[in-house]
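If you read the protein sequences in the order shown, they are chains A and B. Residue numbers 1 to 379, in the numbering used here, belong to the letters of the first sequence in order. Residue numbers 1 to 273, in the numbering used here, belong to the letters of the second sequence in order.
Because the hints were derived from the structure by calculation, they are not lab data. Everything numeric in this text was worked out from a predicted model, so none of it was measured. A virtual CB, placed ideally from N, CA and C, is assigned to each residue, including glycine. Each statement offered as a hint is correct.
In silico negatives: residues of chain A with every beta carbon more than 10 angstroms from chain B: (1) GLN9; (2) GLY22; (3) MET125; (4) PRO184; (5) GLY212; (6) GLU278; (7) GLU301; (8) CYS353; (9) ALA354; (10) ARG360; (11) ASP362.
If you anchor each label on the Cβ, the simulated ranges turn out as follows: (12) B:THR129 / A:GLU43: 42 to 52 angstroms; (13) B:THR129 / A:PRO196: 39 to 49 angstroms; (14) B:PRO138 / A:VAL246: 34 to 44 angstroms.
If you want the building blocks of each chain, they are given just below.
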Amino acid sequence: MAKKTALVQGNQACAAGAIYAGCTFFGGYPITPSTEVAEEMSELLPTVGGKFIQMEDEIGAMASVIGASLTGAKALTATSGPGVSLKQELIGYACIAETPCVIINVMRGGPSTGMPTGPGQSDVMQARWGTHGDHAAIALVPESIQEIFTETVRAFNLAEKYRMPVQVLFDEIVGHMRERIVYPEPGELELIDRDPVTVSPEDYKPYDSTKGLVPPLASFGSEYKYHVTGLNKADDGFPTTKASLVDAEERRQIDKVECPEARADIESNEEFMTEDAEVILWAYGSSARSARYAVNELRKEGIKAGLFRPITLWPFPEKRTAELANQAKAIIVPEMNLGQMIHEVERVALGNCAIEGVFRVDGDPLNPGQIIDKVKEVI
Amino acid sequence: MAYDYEKSIRPGKLPHIWCPGCGHGIVMKGLIRAMDTCELDRNNTAIVSGIGCASRLPGYLDACTLHTAHGRAAAFATGVKMAKPEMTVICCGGDGDGTAIGGNHFIHACRRNINMTYVIMNNFIYGMTGGQFSPCTPTGMKASTTPYGNPDPVFDISKLAIGAGATFVARTTAAHPREIDKLIAQGIKHNGMSIIEVLDDCPTSYGRRNKFRSVVDMMKRLKKDAVPAKAAAKMTPEQLEGKFLTGVLYHDNEKAEYTEQYAALIKRVQEGA
Ligand SMILES: Cc1ncc(C[n+]2csc(CCOP(=O)(O)OP(=O)(O)O)c2C)c(N)n1
Ligand code: SF4
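For reference, chain B alone in the conformation it holds in the complex (with noise of 0.2 angstroms):
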């Protein structure tokens, strides 16, 4: 039996914004299967997007849905969970908008370890412009603003994630659509700041310069360099030359979750008084 996406979406909001080929619609279907698994009450559920193509993600969902300024939905999402602690609260955006003009929100939301997750389609470009450059655009791929091939280092989203303090990191890609909705559900069912990073395709404005011939192409792509973070165990560095991890990567349930921690601090100080 097909699944049941409708009922998910908010009734006329379709059809997307999204290009043909474009990965986001993949990655907004495994977030509707995760909130279906964690079988999350849709009232008391805030999805927080930032802007560009990626963010334009929660206006199709019947939720509480926030779609804010660009690179804030981190800090917006912040507001409301410390508000309101008991709504389950995620956050989904593009590379652009959560590591370049949304990076210092989103390394803060990591060290503060406050629950909630955060889906992060990573398409190496900023689509919604055009294809300008990401701080994850690997060197030397062609984008409209590096066009004699991008002379930056890239950002490694998991392990930003990681050394900023997240306690569930994982990732996945578009070609891998059954991984999408297993990882963010179990984002979701985490206690504390998680990060699912999700690579997916930007054909129309990454794919094209990059010679990248079809979509398929693309996502052939994808899944001929994702290794799971277990079979890499057994891998040399030669072998994952080029290569990316997928999977859980990091793991944490020790450390304290913020909103609990400022629970247990007004309580002291609600009993101290």
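Bound-form chain A, shown alone (with noise of 0.2 angstroms):
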């Protein structure tokens, strides 16, 4: 049988792969250009018996999907910049309390209302560092529609895997561009639902390091009662200020995504014509794809140019990045902000090459000549 096909904006296909992967509650509050989102989770929610609710402001949408979440609902909400800026004092929660959850930013420009309408990358480093105190961050970064449907899922498997909320991140263009996808099949992608509890409801500890670096999270409504809250806590999950008990769970909530393991599990990356590359262009998202066809015109052109594109962001592809450094001559990195992910490019690359960036922030997208141009500058 041939499989479903349709041509769909990115914003439908990311409901879309959350309801794949079994998501039951959305929490959200409108907001250009990620409104489609909520719209399509409106319709599609109830037909599988989920949960949808418009809350009066991006704080209440992001705390609705936390208490979901502790029931086990495998919960989404979706905005864009502004709307993360209010969220993030709960993301931190979320952080602190372990609680697994999905969060869409289809980026504008910014800061403030910035262009709602134009497209943007400039929430990179909000996505790594918005929210206050030391955590730990995983961001997924699709630059096509079929990609948001699969990223949109992975973000799930990753959110319970890891029981933190996980963000995932494109523009306007490609949250408002039609493309056609295909739809997987049931089964067809793996999915991964939270690891269940398996003591008893008196042996119960929500942060019991010594079941792994992520403990088991009961659900509230089940046989297993416990505490809850954003107080620096002990593994049974009650305030402490002993500085022990404090230190080690704040380590061990960053280990479980930047230990070696994780890193291998989570990163993902796409190498296009890198083998041989004497420039290698560091690109995310839809500028990624411009990035890619300048590669194909440079070489045509015999400059030996590659693409190393990160499809996860966070945690930040440092490995491939110092090896690519010490291969290329240079590494050119553009984005639709000021300069955000080559400061991260560049404290990897310990000097190995050269790192130029090539910056667009007027609500247009880069387009493959300026890549080009900039790459010629440079060789």
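Two independent chains are provided; combine them into the complex using the hints.
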């Protein structure tokens, strides 16, 4: 049987991916250019018995998502930069309380209201650091409609597996663009649910590190009763100020994402013609589409260019970026901001190659010509 | 025989953090009695709070407890209740938490008429942070940020809740401990948004600054100014000057409950498909 295909918008693909992943709760607040995700979810969720609620603001939306997740639901919210700014305190709450959830950020320009209908990539550092205190972050940056679907599914898997908020960022261009999508069959993509609790209710501790870096999370309304707080806590979930416990818990919550095994599991990159490349275009999201085009054009002219495209932006692909910095003469970082990820590339490149940015924040997409010009200028 | 509160308290979690004479403990005991009256299954009961002295209450109780961020209790609780409507959901917190930073969530939870019971402990002040004024600090009173007397007008929480659409609204005080559990139990049994406003005292951050000589003094004042709603119906505006009404202030069994409405919507959509 032929697979189901359709011509859909990125935001619609995102909602379809969420339903495929088993999402049963959406709490949101409308904002351009993400609103279609909420609209789709309001239509789809009731058909699968799930719940949609439009909250009074993005803070409430984030709160409702964490509350729903604690009952065992796979929970989603979708917004844009200003909404993520409002959610920041509770993103930190989801980190410290280790509550799985997925946050979609369809990026526009900024700061503040910026250009609501224009694309941007200026929230990538916000996705890493956008809440107070030390914390780990997972952020995925799909570049196409098909990939928005699969990365939304992967975001739910990672959220459940690592018990934390996961952000998926794409920009207005892919959010609103229509492309053909081939819907995966049920069972075709792996779906991960949070680990089941195996101990008795008397022995259950929601942050028991003897159970590994990601202790299992019980659901409210089951045989397990426990306490959840945003205060620093001991393994039993109750507040503590005991230095050794606070320190160990904070470190575990970062290690669970940044240890080598987790990084290998979470990181995902695409490479195009990097094998012999002397110039690497280090690009993500819709900028990578222009960068791929630029690579093809440059190759025609005999310039050995290649594309490195992180699909997982956070944790940062340190190892591979460092290797490419050793191999290439230059790394060019095209971004629809005034230079954010370039700082990370510089950090791990250790001065081993030239690093240059191509930046654009005027509300238009980066075009291949700009990138090609920069490459020629550098080599 | 002494009431057995112990069975509802998590082992090893006492003593609590509250100051001697703080009214929040009286409210907690009332809540425990109400939960017993309603025979709540603690595994199926979520107690959700924000941040503040009052919001530390859930940590002591043996149930599914969720101590959230400042002001956000009603929004977290909405997520819990929507996702698992079979759970009994109780919110608790202070006047600052619920009506200042959390005011938006508070009114919208009332508007939706989602089935939960919100016990709001109104001690007229931000206790935890050392006594700054809240939207409920009476005009003219002293707080650490109103050294010349509070210039702000006051929120009437119960009126706010009624105006916003809650369907069971009641008020009492920490000086009326028996009424606390009766009203909370009525709230829990009511199918819709129930607001139970309990006026209580913060001797540490409010009483001292406002020349109440003692906790007893503050309690006497709550007793003196409380007028049962039924009695008030027979009083003149002059007689009611400076008083507040207690008991059930509003009760509506007609308005649809939110999660039931949504369940009906799901049914409609699925049958239509
Ligand atoms: C976002 C945020 N802002 C401010 C605070 C500081 N804060 C903690 S408790 C509190 C006031 C609590 O007052 P209330 O809710 O009336 O409860 P009470 O302590 O009097 O019981 C404030 C302002 C905070 N924790 N988080
Ligand atoms: S500061 Fe006030 S509200 Fe807080 S515990 Fe002490 S008396 Fe109670």
